[in-house]
Amino acid sequence: MNEPQESDQSPTIGELVIGVDAGGTKTTAWLADSEFQKTQQPIGKGHAGPGNPRAVGFDAACQQIQTAIEDAFLDAQLPKKSVFTLCLCAAGAGRVEEQVRLKAWASGLGLATNVVVTDDAQPILAAASPERIGIALISGTGSFAWGRNTEGDIARSGGWGYLFGDEGSGYQIALAGLQAATKAADDRGPRTRLLSAFLEHFQIAEASELIGKIYGDKLSREVIAGLSGIVFSLSDDEVAHSIIDEAANELATMVECLAAKLGLNLGEAQLALAGGVFVHQQAFVEKLQRRLALSEQFMTIVKEPVAGAVAIALNANDSEQ
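In the UniProt record's numbering, the protein residues as written are 1 to 321.
Hints are computed from structural coordinates only; laboratory data are not their basis. Glycine is no exception: its CB is placed at the ideal position from the N, C-alpha and C atoms. You may find that some hints are simply not true.
To be verified - DEER-style ranges, computed between Cβ atoms:
# : residue 1 : residue 2 : range
1 : Ser295    : Tyr162    : 30 to 40 angstroms
2 : Arg291    : Glu222    : 21 to 31 angstroms
3 : Asp236    : Phe58     : 41 to 51 angstroms
4 : Asn249    : Tyr162    : 13 to 23 angstroms
5 : Glu131    : Lys26     : 26 to 36 angstroms
6 : Glu222    : Glu15     : 31 to 41 angstroms
7 : Ile154    : Ser295    : 20 to 30 angstroms
8 : Gln179    : Gln63     : 35 to 45 angstroms
9 : Ser295    : Arg188    : 36 to 46 angstroms
Stated by the list, open to error - In the DSSO-like style, the derived pairs of lysine-lysine whose C-alpha atoms are separated by at most 27 angstroms in a straight line are:
#  : residue 1 : residue 2
10 : Lys183    : Lys218
11 : Lys80     : Lys26
12 : Lys213    : Lys183
13 : Lys103    : Lys303
14 : Lys80     : Lys38
15 : Lys80     : Lys45
16 : Lys261    : Lys287
17 : Lys287    : Lys303
18 : Lys38     : Lys81
19 : Lys303    : Lys26
20 : Lys303    : Lys45
21 : Lys303    : Lys38
22 : Lys81     : Lys26
23 : Lys103    : Lys45
24 : Lys80     : Lys103
25 : Lys81     : Lys103
26 : Lys26     : Lys103
27 : Lys213    : Lys26
28 : Lys45     : Lys26
29 : Lys218    : Lys26
30 : Lys45     : Lys81
With the hints as constraints, model all of the structure from the sequences given.
Next comes the structure, spelled out in structure tokens:
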């Protein structure tokens, strides 16, 4: 494949930034210029596989990140060249030592004059609040909340993983649904349409066959989390309804505790929501909104966290230039 040729109209180094959102299932890179602040549209998009170094290993994650960046240049029909700022936001990079290692690797690519590395929560808040003040709440396969106040103090709540955390996540909602279904099958719990719904989903006749489908097929947490859609589809079922209510309460408590820790007023601070549960379940978002008594203007669903990575990069540009 021929490399794109640079033209006289190509943006200069000082105009270009790269934002990368490296997640547990996919990696997205956006190449953008200063017009992004007006249009919210990148000039090039790149995609690759999982970029969480903790989940797939450091080398494999870096390879996916590099592939996504190269793909963004190709999409923009620009030759790969140095940009002013690269902002790399990665799941599994919440600790300082992880960020230092990723920054050293990204700097070694020679792709950017300035490299910024953050965890995957910061771009979510940046996409909703240019000042990055407020709380980012994630509910996907897992769940956690991250916040920042006007003094620059940061804190997080949740994020303890699927064994003893991730309350309100797709995984925990699905797990609660499966537990309710199997209890109903044993007459240890109330009757629920969840049982027949799971049997139909897996195309099996007996509840006992769920063991083979779940354990025998070694379903990943991501696949199990996807079963939460069955629970949401039966929200008029009393048992499913209670599971959904409990999930909303857990997430609301996470936000309230974090707001108290940071001294944030939930009636004034921005709450940025991200993750598959929020993106695909609007009724659940509205339930959470009622539970927190928030007005719509202070809640934003962030469908493209990578936009926040670009915003952070552009902000770093302004600070450096």
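Enumerated hints in conflict with the structure, sorted upward:
Violated hints: none; all satisfied.
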